[in-house]
Amino acid sequence: MAYWEPIRELDEQPLVQHGSKLRDVTHDVAVVTEKAAPRGWWICFLLAVSAVGVFGICVAYLFYRGVGVWGNTSPVYWAWDITNFVWWVGIGHAGTLISAILFIFRQRWRTAINRFAEAMTIFAVICALIFPGIHVGRPWLLYYVFPLPNQMTLWPNFKSPLLWDVFAVGTYFTVSLLFWYTGLIPDLATLRDRSLTKWRQRIYGFFALGWRGSNRHWQNYERAYLILAAISTPLVLSVHSVVSMDFATSVIPGWHTTIFPPYFVAGAVFSGFAMVETVLLIARSVFKLDRVVLMRHLELMNKFLLLTSLLVGYAYAMEFFMAWYSGNQYEMAHFLKNRPTGPYWWAWLWMVIPNCVLPQLYWFKRFRTSIPVMFVVSIFINIGMWFERFVIIVSSLNRDFLPSSWGLFRPTIIDVGTFVGTIGIFFTLFLLFMRWLPMVSMTEVKGTMAQADPHRHPEDEGAHDPEPIAAADQPSAVGDLVPEGAE
Amino acid sequence: MEKRTRRTARKPSIILAEFTSAHDVLHAAEKVREAGYMRWDTHTPFPVHGMDKAMGLKDSRLGWIVLAFALTGLTGAFVMMHWMNGVDYPTIVGDKPAGAPGTLPSMVPILFELTILLSAFGAVLGMFGLNRIPQHHHPVFESDRFRLASDDRFFLSVEAADPKFDVDGTRKLLEAAHAHNVEVIEKDAS
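Going line by line, the protein sequences match chains A and B.
Here the first sequence is numbered in the numbering used here, starting from -7 and rising by one per residue.
Here the second sequence is numbered in the numbering used here, starting from 382 and rising by one per residue.
FYI, nobody ran anything at the bench for these hints, they're computed from the structure.
Quick caveat: nothing in here was measured; it's all calculated off a predicted structure.
Do not rely on the hints blindly, as some may be mistaken.
To be verified - Just a few of them, taken from the derived set where beta-carbon distance is under 10 Å, the chain B residues facing chain A:
| # | residue |
| --- | --- |
| 1 | H404 |
| 2 | V406 |
| 3 | A410 |
| 4 | G431 |
| 5 | V447 |
| 6 | V474 |
| 7 | G475 |
| 8 | P490 |
| 9 | A501 |
| 10 | G507 |
| 11 | L511 |
| 12 | H517 |
| 13 | V521 |
| 14 | A530 |
| 15 | F535 |
Just so you know, even glycine gets a beta-carbon here, dropped at the ideal spot from N, CA and C.
Generate coordinates for the entire structure from the input sequences, incorporating the hints supplied.
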C-alpha cells in the first residue's frame, strides 16, 4: 500500500466490485445514456413534468394576484416560501460536502456518489433560488437586490444579511456549476468517444472541449479540481451560515440565537445526505447500478446520517437549554411552551421524531444495511428537516412578544402547489441528467481501482487481458449496444 | 478517411503507442523522457499516479493564476461596497458608519463570497488557458483506436516536430517499452 492511500479498515472491501475491469465501469455508466430509457424512467419523468405544470399554474396565479394567494399573513410574513428556500439550499449542501470535503479528506468511496450529489446541489439550488425570486411581491423589481444602477441612484444596503444571502447563494450556485462541469469534462470525452451517431458525437464533443486525456492537461486539471474543492469547503459552510443570519440577526425569540450558523450547517448536511440517499436508491434500482454503488457506500452514508442527526439533536437540545439558562421570559415562553405545546406542536413532533429519534436505528448494522429501511428513513428525514425550517420560521413568528399581535398561519392550495411544483422541477432536471449525462464519475471510479495503480505489474492476477489485436480492432463500445435511432 | 486515399505526399505528424496498463505506460514514459524527447505526451483515461514525475513535468502554475483572481475578487468587493454605501450614496443604517473602516465587519461575508467566486473562475478559466482547451482538433484524434484512451487504454504520443523524432527509431523505442500497438499518423506534406 502506498503512502498516499488512506489506512485500510479491517476486512475492508474494494470500492468497486471485485473482478470488475476498467471497461466494465465505462460500460455500466455510459450505457445508461445510450440505451432507450427504461419504463421506470418514463413513469417518473411524466410525474415530475406534471408537477412542473402545477408549478407553472401556481406561479402564474401568484404573479397575477400577488402574494396574498399564499397563506402568509400578519404576523407570519415568512412561511412556506422561506421554509422551502432554506430546505432546498440545505439539500444542496450535501452535494458540496460529498464532492469537496470528502475529496480533501481523501475519502475515496465518494467517487461512486459525488457526480450525483453535485447534480443534486445544482438542481436544489435552482429550486431554492425560485422562492426568494417569487416571494418579493413585485418580481419585476427583483434587480434591486443586485448592485446595479437604478432610477433612484440608490445602491443595495451591504449591511443587510438578506443581501449577503444574495451573494452567498449566487456564488454557491456558480461555483457548484463550475465544479460540476469541470468534473464532467473527461467523462463527456468518454461519451464522445463511444458515440455511434454524428449528433451525439458533436454535442458531447462540443462540451468535452477536445479533451484527449493528456497528462500535461491532467496535471492542471487535477490542480484546478483540488483548488475548487478547497474553496468550496469554506464556501458551503459560509452559505448556510449566511442563510441562518437572515434569522439570527433579528430579535424574534426563536431566531435570535448564536448557535444558528453551525446548527444550520449541520442540518443542511443531514437533510442533503438524506436526499442524496433517496434519489440514489431510486436510480440504483431503476438503472441497475449495484456494481458501482455498493452496500458499503450506502452503509457509510447511513453512518454519516447518524452522526449529523446527533449534531442536529444536540443543537435542538442546546436551544432549549439556552432558553432556560438565559432566564429571558420571552425565550422561555417560546422554547418551553410555544414550540412543544403551542398551536404548531404537531410540527414540532414532526421535526424531533424523524430527525433525532428515527436515525438512531442506524446504530444497528442490520438497519444500516437494509435498503427498505434506509429508503423509508431517508424520506422521513427529508420531511423532518422541512418541518424543522417550518418550526423555526412559522412557530417563531406566530407568537412573539405581545399576545395582542399573535396570529396563525394556514397554508393555501397555492402554497402546496408551488412547493410540490419545485419538487417536480428538481426531479425533472434530475431525470434528464440521469438520462443524458454519466451519473457516476467514470474517471474517478477508475482511479480507485486496482488497475489504476501503476506499481502493480500487469501480469498480476489478470489486471489486464491483452486480447489479440484483430479482435480489438473495433472499440469495445461498438457492438455492446445499438442506441436509439442508430439502426 | 477520404483524406488518406488522396494522392498527395504524406508525412508523419505524430506517432501513437498504445499500452494496456498504467504500469506499462508509466515505464514507457520514463524511457521516452530518458531518451531526451521534448514534444510528447501520455493520454490516459484517468490521471496516473506518478506520471508527472515520470514525464519530468514541473509543478502546475495554476495556483498563481487563482491567487491573482482571488485578490481581484477581494479588492473588487471592498471597493464596490465602500464606494456604493460609503462614498457615492452614503447609507446610514442603525446609526452605523456608512463606509470603511467602520463597516468592515459587515463587509466580511461579501468580501469572502466574491473572493471565492473569482477564485473559482480563475481555477476553471486558468486551467482552460494552461491546457489550451477548447481545442477540438488534434492529430491523435485521427486514430480510430484513440477513442479507447477515454475507456481503458493508455497512449503515448510523440510529435514529429520533436527534434529527436525519427519514425523508425521512435517506433523501436516504443515497441521495446511493451507497446501493445504503434501507429504513425500522417498529414499532408505542405
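Hints, one by one, checked against the model:
The closest approach between the C-beta of H404 (chain B) and any C-beta of chain A is roughly 5 Å, which is under the 10 Å cut-off, so the hint is satisfied. Proximity of V406 (chain B) to chain A holds as hinted, the smallest CB-CB distance being about 8 Å (cut-off 10 Å). Taken as an interface hint, A410 (chain B) checks out: its beta carbon lies about 8 Å from the nearest beta carbon of chain A, inside 10 Å. A distance limit of 10 Å between C-beta atoms decides the matter here; for G431 (chain B) the minimum to chain A is near 6 Å, and the interface restraint holds.
Interface hint status for V447 (chain B): upheld, as the beta-carbon distance to the closest one in chain A is roughly 5 Å, under 10 Å. A least Cβ separation of about 5 Å between V474 (chain B) and chain A falls short of the 10 Å threshold, and the interface hint therefore holds. Because the closest C-beta pair between G475 (chain B) and chain A is about 8 Å apart, less than 10 Å, the hint holds. Interface hint at P490 (chain B): satisfied, since its Cβ lies 4 Å from the closest Cβ of chain A, which is below the 10 Å cut-off.
For A501 (chain B), the interface hint holds, since its Cβ comes within 10 Å of a Cβ in chain A; the closest pair sits about 4 Å apart. A cut of 10 Å between beta carbons decides the hint on G507 (chain B): the least distance to chain A is about 7 Å, and the hint holds. Because the beta carbon of L511 (chain B) sits about 5 Å from the nearest beta carbon in chain A, less than 10 Å, this interface hint is met. Residue-level restraint check for H517 (chain B) holds (minimum Cβ-Cβ distance to chain A is 4 Å; threshold 10 Å).
At a threshold of 10 Å, the smallest CB-CB gap from V521 (chain B) to chain A is about 6 Å, leaving the interface hint in force. The beta carbon of A530 (chain B) comes within 5 Å of a beta carbon in chain A, closer than 10 Å, and the hint placing it at the interface holds. About 9 Å separates the beta-carbon of F535 (chain B) from the nearest beta-carbon of chain A, less than 10 Å, and the hint is met.
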